[in-house]
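Protein chains in written order, with my numbering: chain A, 1 to 78; chain B, 1 to 595.
Simulated from the structure, these hints should not be mistaken for lab results.
A portion of the hints provided could be inaccurate.
Claimed, not checked - In silico DSS-like links for lysine-lysine, alpha-carbon gap of 27 angstroms or less:
#1 A/K39 to B/K318
#2 A/K71 to B/K318
#3 B/K130 to A/K48
#4 A/K71 to B/K409
#5 A/K10 to B/K207
#6 A/K48 to B/K207
#7 B/K2 to B/K171
To be verified - Derived list of chain B stretches under chain A, where covered just means 3 residues or more per stretch with a C-beta under 8 angstroms from a C-beta of chain A:
#8 41-48
#9 60-72
#10 91-97
#11 310-318
Only a predicted model underlies this, so the values are computations on that prediction, with no experimental measurement involved.
Cβ atoms here follow ideal geometry from the backbone N, Cα and C, with glycine treated the same way.
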Amino acid sequence: MSCLKLSAMKPGASGIISALHTEEDLFHRLAGMGFRVGKLVTVVRRGKFSGPMHIRIGTTDIMLRRLDAQKIDIHPSI
Amino acid sequence: MKRIALLGMPNTGKSTFFNRLTGASARVGNWPGVTVDLLGAKVLLGDETVEIVDLPGIYDLHGFSDDEQVVRHFLENNPVDQVLIVLNVSQLDRQLSLVLQILQLKMPAVLLLNMVDEARRHGISVDREKMSEMLGIPVLGMSAKYGDGYKEAHELITREVRNSEPVRLEKIRELLVRDDEIENTMEHVFTSTVQVPAQLSNTLTEKLDNLFLHPWLGLPLFFGVMFLLFQAIFFLGAPLQDLVAWILDQFRVLVLDPLFSNVPAVLNGVLLDGIYNGVGTVASFIPIIIMFFLFMALVEDSGYLSRAAFLMDTLMSKLGLDGRSFVMVLMGFGCNVPALMGTRVMRSRALRLLTMLVIPFSLCSARLQVFLFMIAALFTADQAPLVLFSLYLFSFTTVFLTALLFKGKYHSEEAFILELPPYRFPTLRQMILRGWHETRHFLHRASKFIIAGVVLVWLLTNFPPGVETASAQTWAGRIGEFLSPVLDPIGIDQQLTIALIFGFVAKEIVVGALAVIYGSEGTELMGLMANQLDWVQAYSFMLFTLIYTPCLSTVATIRSESRSTAFTIVSVAWPLALAWVVSFIFYHGARAMGY
Ligand SMILES: Nc1nc2c(ncn2[C@@H]2O[C@H](COP(=O)(O)OP(=O)(O)O)[C@@H](O)[C@H]2O)c(=O)[nH]1
Chain A
1 MSCLKLSAMK
11 PGASGIISAL
21 HTEEDLFHRL
31 AGMGFRVGKL
41 VTVVRRGKFS
51 GPMHIRIGTT
61 DIMLRRLDAQ
71 KIDIHPSI
Chain B
1 MKRIALLGMP
11 NTGKSTFFNR
21 LTGASARVGN
31 WPGVTVDLLG
41 AKVLLGDETV
51 EIVDLPGIYD
61 LHGFSDDEQV
71 VRHFLENNPV
81 DQVLIVLNVS
91 QLDRQLSLVL
101 QILQLKMPAV
111 LLLNMVDEAR
121 RHGISVDREK
131 MSEMLGIPVL
141 GMSAKYGDGY
151 KEAHELITRE
161 VRNSEPVRLE
171 KIRELLVRDD
181 EIENTMEHVF
191 TSTVQVPAQL
201 SNTLTEKLDN
211 LFLHPWLGLP
221 LFFGVMFLLF
231 QAIFFLGAPL
241 QDLVAWILDQ
251 FRVLVLDPLF
261 SNVPAVLNGV
271 LLDGIYNGVG
281 TVASFIPIII
291 MFFLFMALVE
301 DSGYLSRAAF
311 LMDTLMSKLG
321 LDGRSFVMVL
331 MGFGCNVPAL
341 MGTRVMRSRA
351 LRLLTMLVIP
361 FSLCSARLQV
371 FLFMIAALFT
381 ADQAPLVLFS
391 LYLFSFTTVF
401 LTALLFKGKY
411 HSEEAFILEL
421 PPYRFPTLRQ
431 MILRGWHETR
441 HFLHRASKFI
451 IAGVVLVWLL
461 TNFPPGVETA
471 SAQTWAGRIG
481 EFLSPVLDPI
491 GIDQQLTIAL
501 IFGFVAKEIV
511 VGALAVIYGS
521 EGTELMGLMA
531 NQLDWVQAYS
541 FMLFTLIYTP
551 CLSTVATIRS
561 ESRSTAFTIV
571 SVAWPLALAW
581 VVSFIFYHGA
591 RAMGY
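Start from the sequences, fold in the hints, and give me the full structure.
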């Protein structure tokens, strides 16, 4: 199974976080929001003009800049 | 006195619970080890008065955000007898980590699972007894907003606090090191105690998001919402402001003037034209602040402010700002003061400072009054709209320019990740409490500075004794003379300089000041000014007025909100410098082109 960057995922797509390539402070922020390896995330929508991404993880909705989403690896599911 | 600390992730209803617990008695205060204001209150629990502190919402006790450091420093420097942890039941999957981090510190804690009303709707159920057993602390469910379970929580806290003791601070410092165990324990506690239905029935929020975050409709809707908000705040606020001004005026005419008619003129001036006017200046902001935060509470608590951040992020991220900054800048077009106070929702200090630096460039309604007057005096009716429009354009341009120039200096280290909470409607009580808290905060922090400033300007424009008010012989006049090498090159003569000094107090009084300075009023004053100034000078004066130091109340607010004298100086010096340069370029450009 191939790996995808979260930033490359289409709205509606979901997948399992396989790796977080982030600096420590971003890692903590993401962890606090529920981004941990093995968790399921869904892309709800993407902002126009390379705007931010609207991500759902568990019961939480989050906006994330693409730059940061690039640092998250995903195993796409199905 | 025992101390209780309230802790939780952002948006879990911590403040709502705090407000319920403490009513309107909370005050902002300073605490050892931390550099931001925290809300605290003394409350009677059972037969004991305890102090309750509302700590900033955090995701991670070991994190690096400004707020996370504040909480850590607070816990390291202030003994806490009891920690109340507030979590959102619907988000336990990620929020339990915070509980475990607190438990690691061996602090006496109570876990309050908030928003049971929402969880019930989502079909989420929690085995509280089992959770309590696994965590080793009491666990209660409640709804801080609607009050379910509040009584039980109150009783439980009262009981717990009576027997609790603080952990030694050295021990806390020692234990505040990170640990990865937490992740595993969290999974374990979560899966064995919480039942979440496979598909969350979040449909209302989803539907609203489909509309508000719509690729094409989202932005027009946003500007529509902002327009309505602006109208609501400032058009409802303006009559209230007039009412306050009227009451203060009546009080002066009917009570103070007769009362002080026999005191020496100088004392009379200091008391009435200085101090009483200063009080009036402070009072004139109260209606606007109340209205602003009534409606801001609506926008913020409803979750729409985060959506604004989403919509405006593409543009704002280039400026080093975020969408919430943009909302505050827009609101600044009504009045800068509450807009500056509203930046408190931004939790990253750098982001907040940058936003506070740009807000004063918003052409507020007080400056608008000056411009309308000057434009009417010096331009034809055909030119007027264009002139005004160009000033708004300058206002926006200076906002963007300042953000671009300073985004390196006030660069936020915090990654910009924002929760998009479900849409919620705040209760009236929440809105009113917000307005009340903010007003008190403003009075507490800014009023002395403002009154002192008004008195100072009164002295400058009336002293030395015996000279005519606002004349060239006053101290203000001499300052004008002294400054003439600087202000002459931009076409601002001595009389206009005195008006600028008045304008420092509040832009509203510039027109009144001009009347005093020129010794005439209304259309006559307009005619006089049209005789003495040409349009290039007038426009240069307006540009300067638009950009230079916002009013005294704005400076006082910047100072109290940033709690940094250095930043306050930058926020006064930069606009002054920019104002001069812009006016200079305009004035000489226009003259060179033969005007
Ligand atoms: N449905 C529901 N909403 C709540 C409850 N408690 C707080 N809220 C709402 O949740 C939002 C965040 O609350 P707030 O107290 O500002 O959270 P804080 O960031 O943790 O201080 C606000 O819109 C509140 O009105 C609750 O028990 N039930």
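Going through the hints against the structure:
For the given pair, A/K39 sits about 31 angstroms from B/K318 by alpha-carbon distance, which is inconsistent with the 27 angstroms threshold. Distance restraint check for A/K71 and B/K318: the Cα-Cα separation of roughly 20 angstroms lies within the 27 angstroms cut-off, and the hinted pair is therefore satisfied. With a C-alpha separation of about 46 angstroms, the suggested pair B/K130 and A/K48 falls outside the 27 angstroms cut-off, and the hint is violated. With a CA separation close to 26 angstroms, the supplied pair A/K71 and B/K409 stays within the 27 angstroms bound.
About 19 angstroms separates the Cα atoms of A/K10 and B/K207, which keeps this hinted pair within 27 angstroms; it holds. Distance restraint check for A/K48 and B/K207: the Cα-Cα separation of roughly 19 angstroms lies within the 27 angstroms cut-off, and the hinted pair is therefore satisfied. A C-alpha spacing of about 19 angstroms is found between B/K2 and B/K171, which places the hinted pair at or below 27 angstroms, so the restraint holds. Coverage of the region 41-48 of chain B by chain A is violated. Counting CB-CB distances below 8 angstroms, 0 residues qualify, and the rule asks for three or more.
Coverage of the region 60-72 of chain B by chain A holds in this model, with 6 residues showing a Cβ closer than 8 angstroms to a Cβ of that chain against a need of three. Three residues within the 8 angstroms Cβ limit are the bar, and the region 91-97 of chain B against chain A gives 4, so the coverage statement holds. As drawn, the region 310-318 of chain B meets chain A at 5 residues by the rule of a beta-carbon pair under 8 angstroms; at three or more, the given contact holds.
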